[in-house]
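Could you build the full structure based on these sequences and the hints that come with them?
Line by line, the protein sequences give chains A and B.
Letter 208 of the first sequence, counting from 1, is numbered 207 in numbering that gives the first Met the number 0, and no numbers are missing.
Letter 216 of the second sequence, counting from 1, is numbered 215 in numbering that gives the first Met the number 0, and no numbers are missing.
Derived from the structure by calculation, the hints contain no laboratory data.
No incorrect hints appear here.
Below, simulated DSSO-like cross-link-like pairs (lysine-lysine); rule was C-alpha separation at most 27 Å, straight line: (1) A:178 <-> B:95; (2) A:178 <-> B:20; (3) A:178 <-> B:106.
Next come the chains, spelled out residue by residue.
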Amino acid sequence: MKKQNWQPWALLSPSLSAILLLLVIPVLFIIVYSFWLRAPTGAVIPAFQLGNYARFFEDLFYPSILFRTIRVSLICVFLCLIMGYIPAYFFHRSTSRFRQALILLVLLPFWISFIIRTMSWINILGTTGFLNHLLLKIGIISQPLSLLYNEAAVLMGLIQFLLPFMILNIFVSLEGIDKNLLEAARSMGCNEWQAFREVTLPLSLPGVSAGCLLVFVLTAGTYLPPMILGGPGNEMIANLIFNRVIGTLDWPFGSAISVILLLLLGTIVWTYNRYLGISQIFKAFKGN
Amino acid sequence: MESSQKNMVVQLRGIVKNFGKLEAVKKIDLDVEQGSLVTLLGPSGCGKTTILRMIAGLEHPTAGDIYIKGRLVNDIPIHRRNLGMIFQNYALFPHKSIFDNVAFGLKYRNVSKTDIKEKVRKALEMVRLPDVGDRYPSQLSGGQQQRIALARAIVIEPDVLLMDEPLSALDENLREDMRREIDNLQQMLGVTTIFVTHDQREALSMSDKIVVLNDGVLQQEGPPEDVYNIPTNRFVADFLGSSNFYPGRVMAKENGLYRIRLETGHEFLSNHPFNWNQGDKIELVIRAQKFYVYAENNAPDETLGNSFKGVIKDRSYMGGEVSYFIDLEGGLSIHVISIVNIRALKIGDRVAVDVSPRHCGLLPGQHSIAAS
Ligand SMILES: Nc1ncnc2c1ncn2[C@@H]1O[C@H](COP(=O)(O)OP(=O)(O)OP(=O)(O)O)[C@@H](O)[C@H]1O
Ligand SMILES: [Mg+2]
Numbered sequence: 000m001k002k003q004n005w006q007p008w009a010l011l012s013p014s015l016s017a018i019l020l021l022l023v024i025p026v027l028f029i030i031v032y033s034f035w036l037r038a039p040t041g042a043v044i045p046a047f048q049l050g051n052y053a054r055f056f057e058d059l060f061y062p063s064i065l066f067r068t069i070r071v072s073l074i075c076v077f078l079c080l081i082m083g084y085i086p087a088y089f090f091h092r093s094t095s096r097f098r099q100a101l102i103l104l105v106l107l108p109f110w111i112s113f114i115i116r117t118m119s120w121i122n123i124l125g126t127t128g129f130l131n132h133l134l135l136k137i138g139i140i141s142q143p144l145s146l147l148y149n150e151a152a153v154l155m156g157l158i159q160f161l162l163p164f165m166i167l168n169i170f171v172s173l174e175g176i177d178k179n180l181l182e183a184a185r186s187m188g189c190n191e192w193q194a195f196r197e198v199t200l201p202l203s204l205p206g207v208s209a210g211c212l213l214v215f216v217l218t219a220g221t222y223l224p225p226m227i228l229g230g231p232g233n234e235m236i237a238n239l240i241f242n243r244v245i246g247t248l249d250w251p252f253g254s255a256i257s258v259i260l261l262l263l264l265g266t267i268v269w270t271y272n273r274y275l276g277i278s279q280i281f282k283a284f285k286g287n
Numbered sequence: 000m001e002s003s004q005k006n007m008v009v010q011l012r013g014i015v016k017n018f019g020k021l022e023a024v025k026k027i028d029l030d031v032e033q034g035s036l037v038t039l040l041g042p043s044g045c046g047k048t049t050i051l052r053m054i055a056g057l058e059h060p061t062a063g064d065i066y067i068k069g070r071l072v073n074d075i076p077i078h079r080r081n082l083g084m085i086f087q088n089y090a091l092f093p094h095k096s097i098f099d100n101v102a103f104g105l106k107y108r109n110v111s112k113t114d115i116k117e118k119v120r121k122a123l124e125m126v127r128l129p130d131v132g133d134r135y136p137s138q139l140s141g142g143q144q145q146r147i148a149l150a151r152a153i154v155i156e157p158d159v160l161l162m163d164e165p166l167s168a169l170d171e172n173l174r175e176d177m178r179r180e181i182d183n184l185q186q187m188l189g190v191t192t193i194f195v196t197h198d199q200r201e202a203l204s205m206s207d208k209i210v211v212l213n214d215g216v217l218q219q220e221g222p223p224e225d226v227y228n229i230p231t232n233r234f235v236a237d238f239l240g241s242s243n244f245y246p247g248r249v250m251a252k253e254n255g256l257y258r259i260r261l262e263t264g265h266e267f268l269s270n271h272p273f274n275w276n277q278g279d280k281i282e283l284v285i286r287a288q289k290f291y292v293y294a295e296n297n298a299p300d301e302t303l304g305n306s307f308k309g310v311i312k313d314r315s316y317m318g319g320e321v322s323y324f325i326d327l328e329g330g331l332s333i334h335v336i337s338i339v340n341i342r343a344l345k346i347g348d349r350v351a352v353d354v355s356p357r358h359c360g361l362l363p364g365q366h367s368i369a370a371s
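Here it is, written out as structure tokens:
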């Protein structure tokens, strides 16, 4: 009996120690750091005080970045949902023999480095980039447009990174729907659109919500697209952390912001898991 | 349509269905009478489901016409054919309550809310599950789910009810109950039904008409008793029950009975209803269940007409029945399935077998008989 109890733990120990070493301990360090003091000289002094947190909420500057992060994440979720459901549904209904290949194409961007993919937007949208070049050439505009360094460009960069996650999550849940249900609905008098609304849409919602959660969490924690494609007013919470820790070497304050972000995302994931179950997300990566 | 066919609810005329190179259904004609239960019976892959799906409008025939209530429906989409469908896996909507499942078809038929309530209540009563309206499909057993599926299909008063192996997901005992329930309900409502199965017992026990299919070709159709007792080809004879086949010739007709001589020299009497001529090559068909077997010293003096002696070569015990392989004197092997009364016979026992001329069927023979 005893033996059986620790056996699974023994088998899990390599991965558990990896998680402990690479995830739990660093996070604990961050939490501890967030209570420390930073002297005006720049030295970091061990302490236990809430000054870093108080500073975050001192005025509206920092909370407004947090608020912007949430807003951009929500917009990104919404756009990914619209732009993701359509191709996922198309793959699901496709009877083409290239279906498998099309689905693989969705994963193609992952083969290219995230930074390169993000940077490449500069060549497309920049003042000397492809799009302006083209528009100038055909004479639609006479002055290059400034398409970069705004929120739209940031969203563009985020979407091209996150869309595959949404598509795959929705696709997997669509594939899991029993085809007979659709035929049953049709036989009882639904036309195609009505059958979609009655059967396909509600039964794909688990995949939709899993995709939304994933996109939200990944957007809220990202710093590359705002840094590369965004302007001064577009920085998100992760950029703030980056600036405090790398830029001004203010580890305690950077840590406090990290903990705030962690709490926010943790609450969202916890709520989701409580009501919908987190396991849906893993289905998308197991394939079918 | 001709007036003589007015009471036909479903008519197929020259239906062909090809999937690429595969000919799944080959020129099928079929008439389904108002209020009758017709089964499509055949082995796996013979095209039963494909035919049903074409009637439903889920597949398009490659050639041929489908009429429902005299109306050509080839180009009418499924949702305007007024059908009830029952699936093997029940296909209840998991995200809707039982009430909403049953009410589903009514919602798309402009039925008022109060009428929907009343009709759903009646339908649930009919399948003897009046109190489950608030539950969800996952909270019901397989048999209950299939009954809800039945309620959902009949509540819309369909022109025809299509069922694709509705019992095969249920376990043995439940299947029998459910089979009787479908049978009773079908008769009570008089709803025209097409029932797909590969289980001959199901087909024989519920149908008004059995349609036997093999390899996309209609083999034989008719009332269960006719199809079972007077098979018109070897496939049907073999598929419905295990049969013995022996090549032979018609020797004479005496007192309304045909005298048949087999290639082995054994002679049988048969009162097959068809007209055969002296010298016709035939195949004698005798079902394994139709032989009587006695221990040799126990045989009655009276014979049914075709009595032989032999030795049991092999047997397998199946509870209520025993399957024997018996070598008759003169070199003829027969397969017999016999009900066990007291004690099964053993391998090596000498036995007498007897079979009535009524159970000696004849099929046209394709074999060649050595000139005699
Ligand atoms: N959509 C399809 N595409 C290609 N071939 C198909 C398709 N549907 C059926 N077939 C083929 O057509 C033939 C008849 O299939 P069908 O499903 O009608 O058989 P069935 O009699 O219902 O068999 P079962 O008892 O196994 O359900 C089979 O050989 C099957 O492989
Ligand atoms: Mg089938």
